[in-house]
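Chemist: All chains, please: the whole structure from these sequences, using the hints.
2 protein chains.
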Amino acid sequence: MKKFFFLLLLIAGFWSCRQQENTVSEGMSETAVVVQDPLPSWNDGASKSAIIAFVEKVTTEGNPSFVPVQDRIATFDNDGTLWSEQPMYFQLAFAIDRVKGMAPDHPEWSNKQPFKALLEGDMETVLSEGEAGLIKLVMASHSGMTEEEFKQSVMDWLKTARHPKTNQAYTSMVYQPMLELLEYLRANDFKTFIVSGGGIDFMRPWTEMVYGIPPYQVIGSSIKSEFDYNEGNPVLRKLPEINFIDDKEGKPVGINQHIGKKPIFAAGNSDGDLQMLQYTSSNTKGAFMLYVHHTDADREWAYDRESHIGKLDKGLDQATANGWTVVDMAEEWKVIYPYEMN
Amino acid sequence: MKKFFFLLLLIAGFWSCRQQENTVSEGMSETAVVVQDPLPSWNDGASKSAIIAFVEKVTTEGNPSFVPVQDRIATFDNDGTLWSEQPMYFQLAFAIDRVKGMAPDHPEWSNKQPFKALLEGDMETVLSEGEAGLIKLVMASHSGMTEEEFKQSVMDWLKTARHPKTNQAYTSMVYQPMLELLEYLRANDFKTFIVSGGGIDFMRPWTEMVYGIPPYQVIGSSIKSEFDYNEGNPVLRKLPEINFIDDKEGKPVGINQHIGKKPIFAAGNSDGDLQMLQYTSSNTKGAFMLYVHHTDADREWAYDRESHIGKLDKGLDQATANGWTVVDMAEEWKVIYPYEMN
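First to last, the sequence lines map onto chains U and G. The first sequence maps to residues 536 to 877 in the numbering used here. The second sequence maps to residues 536 to 877 in the numbering used here.
Worth flagging that the hints you see were computed from the coordinates, not collected in a lab. Misleading hints may appear alongside valid ones.
Just so you have them, the derived chain U footprint on chain G, three or more residues with Cβ under 8 Å [claimed, not checked]:
hint, segment
1, 729-743
2, 790-797
Cβ-Cβ distance ranges computed for the label pairs, FRET-style [said to hold, decoys possible]:
hint, chain 1, residue 1, chain 2, residue 2, range
3, G, Arg834, U, Ala722, 44 to 54 Å
4, G, Asp632, U, Asn598, 35 to 45 Å
5, G, Gly636, U, Ala865, 51 to 61 Å
6, G, Arg834, U, Asn857, 52 to 62 Å
7, G, Lys694, U, Gly767, 10 to 20 Å
Glycine included, C-beta positions come from ideal geometry on N, C-alpha and C.
Modeler: Okay, structure coming up:
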């Protein structure tokens with residue numbers, strides 16, 4: 536009964552907000568918030584209302600948009616969607632430290648891009664190679680060890696590495712509003728997956744702790760690995776060969792390969808996520824597409840159509856044309872990072 | 536308290552069975568069965584006792600072998616482990632029907648093995664090409680359509696196809712004792728995965744209904760697919776190119792790629808599963824390795840070291856040497872298929 540009353544309040548608030556943006560509806564939403572606000576770090580507004588309305592309708596039996604639990608699949612990009620990605624992908628910062636450490640054993644890198652530029656500290660040239668180039672760089676620097684050794688190197692790096700602007704641990708620079716969204720969806724029996732262009736083995740050691748997303752719900756780019764019986768102590772060795780690039784057209788392919796179901800909810804922040812959102816939007820059960828728009832130069836970064844990293848151009852046009860939800864970080868998020876709440 | 540008493544009974548039964556095989560312990564186990572038998576289609580014996588003892592110890596807090604819920608990963612081969620695989624892999628029966636249907640559009644098949652043999656009904660030659668050959672055949676006959684269309688073709692085929700020996704639907708020829716084992720593990724907070732040499736897209740349409748295993752917990756061999764925006768109606772098209780062979784050394788690779796955690800429980804029936812069992816046995820948390828041994832020529836089939844399909848030779852030696860559990864189907868399973876219980 537309480538839930539029904541809350542739902543009524545939300546529908547009323549949602550409807551009034553969109554139709555009139557009057558203060559009465561704002562007041563009603565505030566009342567609802569006091570009772571039980573699933574997204575406390577989101578300001579009331581179009582995005583929050585749309586998210587809640589979608590979740591309520593797909594989880595309400597009898598609603599024509601009801602979706603059974605087993606089909607409630609939600610996919611999230613990682614870089615720029617769940618954590619920051621400026622001034623460079625965080626995995627690139629990890630790769631730089633590793634490449635520097637490995638360089639003495641790889642003299643050929645001094646004449647090969649993007650390694651040459653990276654070792655010379657010429658980040659502009661590194662970035663100009665685009666995302667595929669970055670992924671190659673990252674992948675090449677991640678091979679030549681076992682899966683266990685690589686996992687350990689990621690955990691070791693995360694313990695000490697600090698972001699150049701905030702001086703925070705990288706895993707502290709996740710978005711509080713998105714943590715709440717993940718939790719809200721899971722509380723409504725969604726399965727939450729990461730579908731990232733980033734390395735699958737770079738993310739898995741910490742996604743369960745940071746996002747509550749276990750390794751088997753993480754999809755990403757990968758290099759090949761091979762089984763070595765190793766005289767009775769079996770290991771998987773990481774090879775310097777790209778296995779899969781989970782970006783752009785690769786994202787729907789990765790989703791099909793790992794999940795085998797079409798999502799009903801997908802969130803991204805760049806043109807690299809566009810195909811995932813297009814694929815999701817074709818779900819005949821109905822679906823929710825969300826773009827995080829980086830508009831906050833003060834608290835985070837502001838970038839879209841012209842950015843080397845996280846370029847959002849075609850995606851922004853298509854989101855507008857199709858009525859997808861575009862989250863204005865500056866306007867709609869009360870806080871960016873969890874540590875701001877302390 | 537009741538659970539503790541039941542546990543005592545089981546331990547007593549287990550111990551007595553192994554030490555004396557006396558009728559008193561059998562009687563005690565029978566009593567326990569009446570109270571709560573998680574594996575009612577398994578005869579009391581070494582395999583059943585070992586499974587229950589393992590599950591009890593990894594789920595009992597305070598036990599030195601306790602394993603936290605998030606690490607309770609169990610992987611199962613499919614063909615010959617969860618359902619029958621004779622006189623040919625069931626997917627091959629599907630492929631034969633498809634190849635025959637597609638043959639008019641592929642005149643080149645009449646001079647190309649194993650297509651030629653298949654179209655001529657020469658199954659001996661088809662099988663002599665080995666598992667990799669079969670997988671190629673299956674994969675090649677599964678391309679040239681969208682994922683949705685392929686899924687529909689599998690579901691349509693399953694509705695009408697019948698096994699040549701039993702005249703049962705193929706999905707009825709799953710092993711009742713293994714269904715109980717899957718359910719028992721899940722009831723103890725294990726995540727159950729399929730890790731099969733069979734096609735991932737062939738299994739996913741029905742594994743949730745038949746085994747209770749959702750598509751995102753199914754790992755298998757695959758062909759590549761590509762995203763096609765298709766003028767606003769996005770689809771994934773299946774390409775005639777092998778993506779991944781999930782067999783032998785491929786199984787640990789597939790497990791790492793999809794799950795990202797090492798299992799603590801693995802079950803198979805052939806040398807194709809040996810590397811998965813070796814990999815699982817290297818889990819420092821401890822692990823349980825199980826081979827289903829096809830010993831029942833009357834109710835199912837009897838085959839191992841010399842079989843074209845499901846050859847179990849090196850695996851049987853290694854299981855014996857390492858004390859892995861080898862299930863004697865004829866002796867240890869009360870029933871084979873669920874329909875025998877009607």
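Chemist: Please go over all the hints and tell whether each is borne out by the structure.
Modeler: Outcome of the hint check:
{"no.": "1", "hint": "729-743", "verdict": "holds (count 4)"}
{"no.": "2", "hint": "790-797", "verdict": "holds (count 6)"}
{"no.": "3", "hint": "G:Arg834 to U:Ala722: 44 to 54 Å", "verdict": "holds, 47 Å"}
{"no.": "4", "hint": "G:Asp632 to U:Asn598: 35 to 45 Å", "verdict": "holds, 40 Å"}
{"no.": "5", "hint": "G:Gly636 to U:Ala865: 51 to 61 Å", "verdict": "holds, 58 Å"}
{"no.": "6", "hint": "G:Arg834 to U:Asn857: 52 to 62 Å", "verdict": "holds, 57 Å"}
{"no.": "7", "hint": "G:Lys694 to U:Gly767: 10 to 20 Å", "verdict": "violated, 47 Å"}
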